[in-house]
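Here's the letter readout for the chains.
There are 4 protein chains.
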Amino acid sequence: MTKIAIVYHSGYGHTAEQAKAVHHGAASVNGVTAKLISVADVDNHWNDLDQAEAIIFGAPTYMGSLSAPFKGFMDASSKVWFTQGWKDKLAAGFTNSGSQSGDKLNSLVQLMVFANQQSMIWVSLGLMPGNNSSKGSANDLNRIGSYSGAMSQSNVDQGAEAMLDSDLKTAEHLGRRVAEVARQFQAARVAA
Amino acid sequence: MTKIAIVYHSGYGHTAEQAKAVHHGAASVNGVTAKLISVADVDNHWNDLDQAEAIIFGAPTYMGSLSAPFKGFMDASSKVWFTQGWKDKLAAGFTNSGSQSGDKLNSLVQLMVFANQQSMIWVSLGLMPGNNSSKGSANDLNRIGSYSGAMSQSNVDQGAEAMLDSDLKTAEHLGRRVAEVARQFQAARVAA
Amino acid sequence: MTKIAIVYHSGYGHTAEQAKAVHHGAASVNGVTAKLISVADVDNHWNDLDQAEAIIFGAPTYMGSLSAPFKGFMDASSKVWFTQGWKDKLAAGFTNSGSQSGDKLNSLVQLMVFANQQSMIWVSLGLMPGNNSSKGSANDLNRIGSYSGAMSQSNVDQGAEAMLDSDLKTAEHLGRRVAEVARQFQAARVAA
Amino acid sequence: MTKIAIVYHSGYGHTAEQAKAVHHGAASVNGVTAKLISVADVDNHWNDLDQAEAIIFGAPTYMGSLSAPFKGFMDASSKVWFTQGWKDKLAAGFTNSGSQSGDKLNSLVQLMVFANQQSMIWVSLGLMPGNNSSKGSANDLNRIGSYSGAMSQSNVDQGAEAMLDSDLKTAEHLGRRVAEVARQFQAARVAA
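Chains as they are written, first to last, in the numbering used here: chain X, 1 to 192; chain E, 1 to 192; chain Y, 1 to 192; chain A, 1 to 192.
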């Protein structure tokens, strides 16, 4: 079995919904088991991260970058960094915020730079943008037009239950894509 | 008079519309003259840039960063960099692309890093995000939710005439804001 | 008097030395009072931040971005963001890490994006790079070659007392530069 | 055979030396053929890029981001983007500038964002930083302390022949690492 871990923080439940969708996508791939880990509970799961072929990171964008609780996890992973314990694992990312752009790209870049410090290999979203023509709409997959990872937007006056289906399907796509690449990559490692 | 220069590149006319809106906003401020300069014509205007209190930079986002013709202008400005000729001038930026996020933030960061190399002072957009609640819409000012500069989105199957009024008004706001800060800044320089 | 606030986090004392140098530079300017605030103590100082003409932000770069305790402060400032309480204040930044590049630019970009969310105006370092020719050395001012803010590098096996004088003088320069621009800017606000 | 392509621009020869070192590293891996392509000549090599398992991108950092000629190549690749012709290929990057940091990270981020638009998979440098302790020196591998790709620094008053061996060995490492990952990845694709 190819193991995937999704580590996330969520302040008000929106990013948790996104994380569940990523998890659902990853778990839907044959030969893959996926584990959904909240940063609040990560100290019970460092071993799961060690054993994963791919780790998918996600957090809300607060004030232009990843939320502080998620950064706490990133800083704690410096222990792993010293021994380069995640070297050559696959990585990917997702983030949510209240506005369309909302500087979410800065959070994904922050995750990429972090993954590179851990000597990981970054898997892009792998979708063309939607919602970018006169016939497009917010119902399109990848309606925000992201490439470096999955983005979602949640209205600031609504709860997680109002999240757009298109954003959750985009997150699900990311999980599935990473799982497929991870399965392939692991097969090659075993064969090597 | 406080002088403002807007230097821009436009591939298909969308960013030119945005640039005109920025220019209109800047020129609307009392005591300010604003000059609109296409990068194709910039070699006739290095002197205007030298004399400006603020320079506002704009280009489309192509493949995740500023268009090559605009980068050509940035590279040519290394002559100015050697003598730090733009030191302490104000700077600001705008960009257009076909999708909502479309990595436009990366272009604005590229402009900020560039402005910092020129020892300039960066003026943010100064608007709260629109289009981020159940009552919001694409007609809101700053509907894309940008902070570092003005963003616009233009449908890939439509010309510049179809650009959203809200995006052009957001660009106009940026021009006006920079002109107001520049006028204040210049008054301070004269008084010092 | 023109008020400057320096808000910083330091894990092992290196960034605290850098912060002190920034403070020293700012306080050396006539007509300026500068306050040095640790993020651990920031809850006693929100009022000082409200009254400052400029806020200079600094933190170590951990795992490629600003340390989690500093991000906690940034997230807490979302209360200020709602009312845009820091709008039009000047901002600047500094960061330290164990290696030469060490992704410190990512931390400065994170600070710039944050400052833009707060509708602030970003002051660049304003120094040409040192240590970039056959006659240069690590004793040069701005030996790391930064533009967006002040960078320092501290050896991972040495304490804060071993920090290079050139890095501290670069930090001091940033404080002085921001104070001078702030004094000028404030005079203009009063005159307007 | 696993095919690797290195596409680069060089203004004064320094980045060309770095590109040669990357090429040498890639070509040293069993079962790999590597092709070195100047952007000036890229129009004869789009087919080579199509057939490569991995493409390594490199250019000097001018005024804080990739050189304009290299950006011209990136913009021209929008034809590939429309059909997602490089989807799932591996990508990596390198850059040179005159100062230690010199905003080179911004160029590597620009390349990562670009590679993500092309739905590629980004391979990090995979080296711990050198030159970051009291016993370190500029002779250390990865002396600049980069993670997202290979960085080199060349003195502004010296030609390419004066480039540090440590920087070239770091570039060589990147080429070798990408080739090894590419070989593994290709084996997995064939087996799938």
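Quick caveat, the hints were computed from the structure, so don't treat them as lab data. As the structure is a computational prediction, the values presented were derived from the model and not from experiment. Hints are supplied without guarantee of correctness; some may be wrong.
Because identical chains share one entry, a pair is satisfied inside a single copy or across any pair of copies.
What the hints assert, rightly or not - Mimicking DSSO-like on lysine-lysine, the simulated pairs with C-alpha atoms at most 27 Å apart in a straight line are:
| hint | residue 1 | residue 2 |
| --- | --- | --- |
| 1 | 135 | 79 |
| 2 | 3 | 87 |
| 3 | 35 | 135 |
| 4 | 20 | 35 |
| 5 | 3 | 135 |
| 6 | 79 | 35 |
| 7 | 87 | 20 |
Comparing the hints with the structure gives:
For the homomeric pair residue 135 and residue 79, the shortest alpha-carbon distance between copies (22 Å) is at most 27 Å, but the shortest distance inside one copy (49 Å) is not. Both within a single protomer and between protomers do residue 3 and residue 87 lie at most 27 Å apart by alpha-carbon distance, with minima of 15 Å and 23 Å respectively. Taking the closest pair of Cα atoms, residue 35 and residue 135 never come within 27 Å of each other, the shortest separation being 38 Å inside a single copy and 37 Å across copies. Within a single copy, residue 20 and residue 35 get their C-alpha atoms as close as 10 Å, which meets the 27 Å cut-off; across copies the closest is 43 Å, which misses it.
For the homomeric pair residue 3 and residue 135, neither the shortest alpha-carbon distance inside one copy (39 Å) nor that between copies (40 Å) is at most 27 Å. Taking the closest pair of Cα atoms, residue 79 and residue 35 come within 27 Å of each other only inside a single copy of the chain (21 Å); across copies the shortest separation is 35 Å, beyond that limit. Both within a single protomer and between protomers do residue 87 and residue 20 lie at most 27 Å apart by alpha-carbon distance, with minima of 26 Å and 26 Å respectively.
Of the numbered hints listed earlier, those contradicted by the structure are 3 and 5.
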